[in-house]
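*Asks:* Line by line, the protein sequences are chains A and B.
The numbering of the first sequence is our numbering, which starts it at 1 and goes up by one.
The numbering of the second sequence is our numbering, which starts it at 1 and goes up by one.
Among these hints, one or two may not hold up.
Because identical chains share one entry, a pair is satisfied inside a single copy or across any pair of copies.
Stated by the list, open to error - As a list, the in silico EDC-like pairs of lysine to aspartate or glutamate whose alpha-carbon atoms are at most 20 Å apart:
hint	residue 1	residue 2
1	Lys-71	Glu-8
2	Lys-2	Glu-31
3	Lys-3	Glu-70
4	Lys-3	Glu-91
5	Lys-3	Glu-99
6	Lys-2	Glu-70
7	Lys-3	Asp-16
8	Lys-115	Asp-32
9	Lys-9	Asp-21
10	Lys-79	Asp-16
11	Lys-79	Asp-43
12	Lys-71	Glu-31
13	Lys-29	Asp-110
14	Lys-2	Glu-91
15	Lys-29	Glu-99
16	Lys-3	Asp-43
17	Lys-73	Glu-31
18	Lys-73	Glu-130
Keep in mind that the hints were calculated from the coordinates and are not lab data.
There are 2 protein chains.
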Amino acid sequence: MKKSSFIEKGNPAPADYFLGDVNVNLLLKAEDYNTIMAIVSFDAGARTNWHTHTNGQILIVAEGVGYYQEKGKAIQVIKVGDVVQIPVNVEHWHGASHETAMRHFAIIPDSKTDKTEWLAPVTENEYNTEIINEQ
Amino acid sequence: MKKSSFIEKGNPAPADYFLGDVNVNLLLKAEDYNTIMAIVSFDAGARTNWHTHTNGQILIVAEGVGYYQEKGKAIQVIKVGDVVQIPVNVEHWHGASHETAMRHFAIIPDSKTDKTEWLAPVTENEYNTEIINEQ
Numbered sequence: 001m002k003k004s005s006f007i008e009k010g011n012p013a014p015a016d017y018f019l020g021d022v023n024v025n026l027l028l029k030a031e032d033y034n035t036i037m038a039i040v041s042f043d044a045g046a047r048t049n050w051h052t053h054t055n056g057q058i059l060i061v062a063e064g065v066g067y068y069q070e071k072g073k074a075i076q077v078i079k080v081g082d083v084v085q086i087p088v089n090v091e092h093w094h095g096a097s098h099e100t101a102m103r104h105f106a107i108i109p110d111s112k113t114d115k116t117e118w119l120a121p122v123t124e125n126e127y128n129t130e131i132i133n134e135q
Numbered sequence: 001m002k003k004s005s006f007i008e009k010g011n012p013a014p015a016d017y018f019l020g021d022v023n024v025n026l027l028l029k030a031e032d033y034n035t036i037m038a039i040v041s042f043d044a045g046a047r048t049n050w051h052t053h054t055n056g057q058i059l060i061v062a063e064g065v066g067y068y069q070e071k072g073k074a075i076q077v078i079k080v081g082d083v084v085q086i087p088v089n090v091e092h093w094h095g096a097s098h099e100t101a102m103r104h105f106a107i108i109p110d111s112k113t114d115k116t117e118w119l120a121p122v123t124e125n126e127y128n129t130e131i132i133n134e135q
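In isolation and in its complexed conformation, chain A is listed as follows (with noise of 0.2 Å):
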């Protein structure tokens, strides 16, 4: 067998996609499996640009507290200990909340199919719109 950790936090994330500081730490080889797994450390404030999946993807939170927003929806609180189930074709975003720190693992099904597509940064406006706080 291989093992990797999720301790380390990985590499920077690329700045077309990804806004603030946030670190991407690839668990899979692309190759090995058809799946696609990372754990993703965003500094409080940071996020991803919204995005869409062919194949849909899975978040699992594992420290902090985080938001997730899909298009034309409010925001939702995300924290340790949720599986984030995101559909198809949505388009969303995630990353930390206003004041902490957030990681998650992400995972693409079917990775050898699967299209990301990455559209615009997440403005101020969006990331301090009203919150829906699910507990």
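Since chain A is already given, all that's left is putting chain B on it; use the hints.
*Replies:* Only chain B this time, still in chain A's reference frame:
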């Protein structure tokens, strides 16, 4: 999006395939994605039977200290932070260590075509053999 929680331990694992106190919380429905994901909680001393997966499996150790062994090789210690990549069709087992409980996520890629074959229980002799402590 749908949300579940990995804090919850779920239901007792089937005694035909596990030994000792093991709980399984299935985090995704099989029909929603082409991957299955669960969190499995092993009390100290508890473990799976020997088994194989035609599409391999990935473990993420979320809490505690456990063991992983492939047939014909020594037992390896796995601990919180480890991501274990199990090759296809390799006979193996995993579980908690002698004195410490362990929880891991278990992810099966291409779950719609995966076949998991459950084999013999891990005997006390096998469980008590020499351990390679990989740090």
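*Asks:* The structure should be examined with respect to each hint, and the outcome stated for every one.
*Replies:* Cross-check of the supplied hints:
no. : hint             : verdict
1   : Lys-71 - Glu-8   : neither (31 Å within a copy, 30 Å between copies)
2   : Lys-2 - Glu-31   : within (14 Å within a copy, 29 Å between copies)
3   : Lys-3 - Glu-70   : between (34 Å within a copy, 14 Å between copies)
4   : Lys-3 - Glu-91   : between (33 Å within a copy, 17 Å between copies)
5   : Lys-3 - Glu-99   : neither (33 Å within a copy, 23 Å between copies)
6   : Lys-2 - Glu-70   : between (35 Å within a copy, 12 Å between copies)
7   : Lys-3 - Asp-16   : neither (30 Å within a copy, 28 Å between copies)
8   : Lys-115 - Asp-32 : both (18 Å within a copy, 18 Å between copies)
9   : Lys-9 - Asp-21   : within (11 Å within a copy, 33 Å between copies)
10  : Lys-79 - Asp-16  : neither (26 Å within a copy, 35 Å between copies)
11  : Lys-79 - Asp-43  : within (14 Å within a copy, 25 Å between copies)
12  : Lys-71 - Glu-31  : neither (32 Å within a copy, 24 Å between copies)
13  : Lys-29 - Asp-110 : both (13 Å within a copy, 16 Å between copies)
14  : Lys-2 - Glu-91   : between (34 Å within a copy, 15 Å between copies)
15  : Lys-29 - Glu-99  : neither (33 Å within a copy, 33 Å between copies)
16  : Lys-3 - Asp-43   : neither (26 Å within a copy, 23 Å between copies)
17  : Lys-73 - Glu-31  : neither (35 Å within a copy, 25 Å between copies)
18  : Lys-73 - Glu-130 : within (10 Å within a copy, 55 Å between copies)
The structure fails hints 1, 5, 7, 10, 12, 15, 16, 17 (numbered hints given earlier, in ascending order).
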